[in-house]
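S.K.: Here is what each chain is made of, one letter per residue.
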Amino acid sequence: MSSRYATPTKILAGIAALTCIAYGQEEPAKQPPAATEPAQQAAAADETPAPIKWNSFTIGYSNRRITGSRERFRQYATPPNGLYIHEFELVQPLVDTAKTFGRFVWRGNPDQDEVGEGHATAAATGTTIDARFGRHRWNVLTSPTPLESETRGATIMVNQRLTQDAGAFFAIDSHDHDTNYTGPKASRDTHQRIVALGASGKVGSGYGALTIADEKRSETTNVTPVTMQRRVDAGYSVELAPTFDFDATLGFAKIEQNSLPSSSIRRFGLGATWEWSPTTTCLLDYNWLDRDLGATRNAYVRRRMEIGTKIVSRWRGWNFQAGFQHRESERYRTDRTFVDVPKWNVYSAKITGRLTPQLRMTIRGTWDDLTAGATVQTNDPRRLFWDDQAMGEIKFDGAVGKLVGYASLAHRFRQNKARDTKLNWRTYALGGSYELNERAVMYVEWAQDHFSASGPSDATAPSFDSYFPDENSATTGIDLTLSPKDHFAASFNIFRGANVRGQQLTLNYHRDLAPNHSLELLVAPWQTSDRLAGLTSNNTTSFALRYQVRF
Amino acid sequence: MVTGSQATAKILKEDKVKAQTIVLFVGISMLLMGMTSQGRQSASPSQAEKLFARAKPDDYMGNEGCASCHAEKSAAFAGSPHAAHMAASNLSLDHQGCEGCHGPGRIHQAEENAEVISFRKMTPKESSAACLRCHAETMSPSHWKQTEHARADVACVSCHQIHPDSEPDWAPSAVKKGMAKDPRSALYAAKFSPRHLLKADESAVCGQCHPTAVGEFRQANHHPVPEGRMTCSDCHSVHPSKLAKIKKDDVNGKCVTCHVEKAGPFVFEHDPVSEINGNGCVECHRPHGANNAKLLNSVSRGLCAQCHTDKFAQHYPGQTCWNAGCHVAPHGSNSDPHLLKN
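Chains as they are written, first to last, in the numbering used here: chain G, 88 to 638; chain H, 9 to 350.
If you are wondering where the hints come from, they were derived from the structure by calculation, not from laboratory data.
From the three backbone atoms N, C-alpha and C, an ideal C-beta is built for every residue, glycine too.
Hints may contain errors.
Unchecked claim - Reference listing, derived: stretches of chain H covered by chain G, where coverage requires no fewer than 3 residues with Cβ under 8 Å from a Cβ of chain G:
hint, stretch
1, 56-68
2, 109-123
3, 272-278
4, 295-302
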């Protein structure tokens with residue numbers, strides 16, 4: 088036997104040994120009732136189900152063959168290679184059955200992509216402590232050696248009940264993103280830390296909330312200097328009348344950046360929900376924002392105001408929504424030189440309901456209309472804002488017999504009249520599943536993004552429209568229950584764009600060896616083709632075998 | 009050219025307009041308030057509110073009482089984080105254990121007017137009202153009513169599964185309204201497990217109603233959701249929560265939570281595409297996925313030429329505007345007004 092096959096053989100031998108142990112220790116598998124055997128089904132229904140096993144351990148062996156661009160294949164994450172822990176999950180009360188809960192998950196191997204997640208909750212005499220952490224580490228293969236990147240996050244929140252209707256919390260949230268690239272792109276390590284303190288509860292006849300947060304951001308490329316943001320947010324919501332809810336929010340933030348003047352932001356919001364009748368509600372919304380960006384020297388939005396209303400009505404299972412919003416932005420420079428006040432009216436509508444008990448239809452649309460133009464003080468004085476931005480969508484989803492599916496058509500439109508530019512973007516999506524029989528379900532999905540653009544021209548270049556390539560993606564697959572213990576799934580993905588095309592076949596076989604013991608086999612031949620330069624094309628075949636035990 | 013005094017006058021005028029708008033809004037609100045209080049005297053309380061209102065202390069029997077008939081459910085629920093939150097001894101009876109959600113056990117067992125809160129049998133509005141009895145501390149009923157999900161009649165239990173042993177309404181392995189679970193995920197070690205008591209991992213839950221978004225993640229370039237390194241709620245605030253409140257960004261929106269170096273504020277902002285004034289990051293990017301590199305809406309100079317039409321011809325260095333080494337800071341710069349340097 089060559090050494091190449093020694094490791095998988097050992098794994099298989101180990102799995103076989105574990106399987107034997109499992110069969111030896113456990114009772115014979117309780118088979119789920121087969122539809123063709125009603126007597127067996129009835130007998131099984133009388134049995135008390137075995138208690139759920141929450142913890143699991145899954146060990147796997149994976150191998151792959153790659154030709155072409157490994158970098159492209161490993162663009163976002165790298166499948167494991169060799170022997171690895173696919174998942175180790177512990178879910179159980181920590182100390183006291185009723186008042187504590189803990190969950191810990193670990194996946195991957197230390198020298199490959201690796202994930203660790205944890206969550207613990209404990210409650211005692213009005214205090215609840217909730218802690219979460221997560222660590223994702225992945226390797227991006229670059230010549231000559233793989234580069235490690237990592238995200239780490241932790242959140243600890245302590246909630247204290249002060250009275251029957253009020254409580255306070257203290258939270259610390261920390262996130263690090265260390266992303267490494269080969270040159271010329273600079274690697275980037277970012278760090279964010281938020282410390283927050285808050286209280287909320289019944290105030291008068293409503294609910295009030297106050298949050299104070301201190302946030303620090305830093306990153307190693309120094310594109311953005313170290314930034315400190317201190318924020319105070321307050322909110323109050325109250326039922327002013329039996330059919331009228333009202334809420335108000337107030338916020339202030341101060342931003343300080345190394346070696347730059349500080350900035351401040353103030354915001355104020357009012358909202359109301361007015362129930363005209365048990366089936367019709369009117370929502371009112373007003374938001375005001377003031378930004379004093381001390382460092383900014385070019386034009387920016389100093390103030391923004393939004394006011395809007397939306398009516399939601401339900402009638403015989405149909406839901407109707409119609410909305411209107413007016414938005415204004417005051418733009419001027421830090422030296423207080425006034426620039427302009429662009430204004431928009433935004434109209435929106437949505438109707439959703441069932442055409443038949445099985446078929447639901449949704450129609451929705453929005454239209455952003457620029458009603459007061461912006462001033463542009465550049466060489467070309469034509470304004471840069473879109474005059475109109477519209478979106479319309481019609482969608483059907485539902486079931487007919489054993490067919491469950493959806494179909495949607497969305498159209499987006501943007502135009503800048505001054506610059507004679509129009510962009511149309513249409514998305515078609517169609518998909519569904521069909522239950523061939525009680526043991527087989529197949530599915531098909533297809534989506535296309537079709538772009539059509541008109542705008543500037545250059546006699547020496549392709550048309551403006553050619554910079555907006557169409558895109559297609561499709562998937563089809565089948566899920567088979569071969570026997571109560573055997574499951575098979577096959578999935579085939581395709582994506583097609585102007586430059587990049589790909590297809591991904593993923594085959595998955597799952598077998599329950601005994602209660603709480605299972606085996607999984609996965610084969611995935613994937614192909615990506617870069618038609619423009621060929622530099623990122625690759626063919627990859629991955630193989631994985633996994634054994635899971637629940638305990 | 010606008011002079012300083014003209015500018016000041018205009019600003020004052022704009023301020024006046026806004027002050028009038030606030031007054032108008034508050035006035036209309038007060039008027040509406042008055043109208044509603046004069047009109048129908050009461051909106052009918054929710055089923056949960058009515059049930060708890062008629063309960064007496066003797067009607068509560070504790071978890072042990074429930075477990076005498078629902079032993080399996082009780083045992084499974086004890087292993088849920090929700091159980092830990094409902095076990096605090098200083099909670100009132102109507103907020104403790106099984107009866108905190110389902111109502112007093114003795115009313116459930118009563119021979120006359122027996123009643124229990126069954127979340128699967130209630131309307132979305134009633135069901136969500138029952139959850140908000142406790143969760144109003146972080147998300148008031150008023151805030152919930154204003155969310156897109158509430159308006160679309162999505163209930164809390166449409167996404168969340170409180171009893172860990174309950175079967176979700178759909179099987180994650182099968183397709184119903186769009187393929188929920190991306191089969192590519194099985195290849196990677198990294199993946200998000202169900203959390204926040206969701207019925208399945210987030211992308212699968214959200215994908216049931218948002219299949220077109222699932223399709224976008226199949227494109228050549230995408231945020232690493234299929235690979236398990238991200239999930240939907242990393243970007244989308246589905247409903248108000250304490251964490252969402254402390255993590256919000258006042259300058260450039262949600263994307264900068266991870267893309268910190270693009271957060272600003274910059275000395276020279278690319279203001280027309282900022283979240284405050286325009287569409288924000290989605291002015292140029294398709295965040296779920298795109299076949300174009302960097303998840304861009306279009307390729308090469310076509311992207312910038314959507315707005316900067318005058319630069320389409322005779323201003324083309326042969327590569328993209330940023331890759332050519334010129335406008336290397338398209339998101340904002342601290343040193344160059346033309347975004348030529350960081």
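S.K.: Work down the list of hints and note, for each, if the structure agrees.
M.R.: Quick rundown of the hints versus the structure:
1. Counting residues of the stretch 56-68 of chain H whose CB falls under 8 Å from any CB of chain G gives 0; the rule of at least 3 is not met.
2. Given a C-beta distance limit of less than 8 Å, the hint that chain G covers the stretch 109-123 of chain H is violated, as 0 residues qualify and 3 are needed.
3. Three residues within the 8 Å Cβ limit are the bar, and the stretch 272-278 of chain H against chain G gives 6, so the coverage statement holds.
4. For a cut-off of 8 Å, the count of residues in the stretch 295-302 of chain H with a CB near a CB of chain G stands at 3, and the three-residue condition holds.
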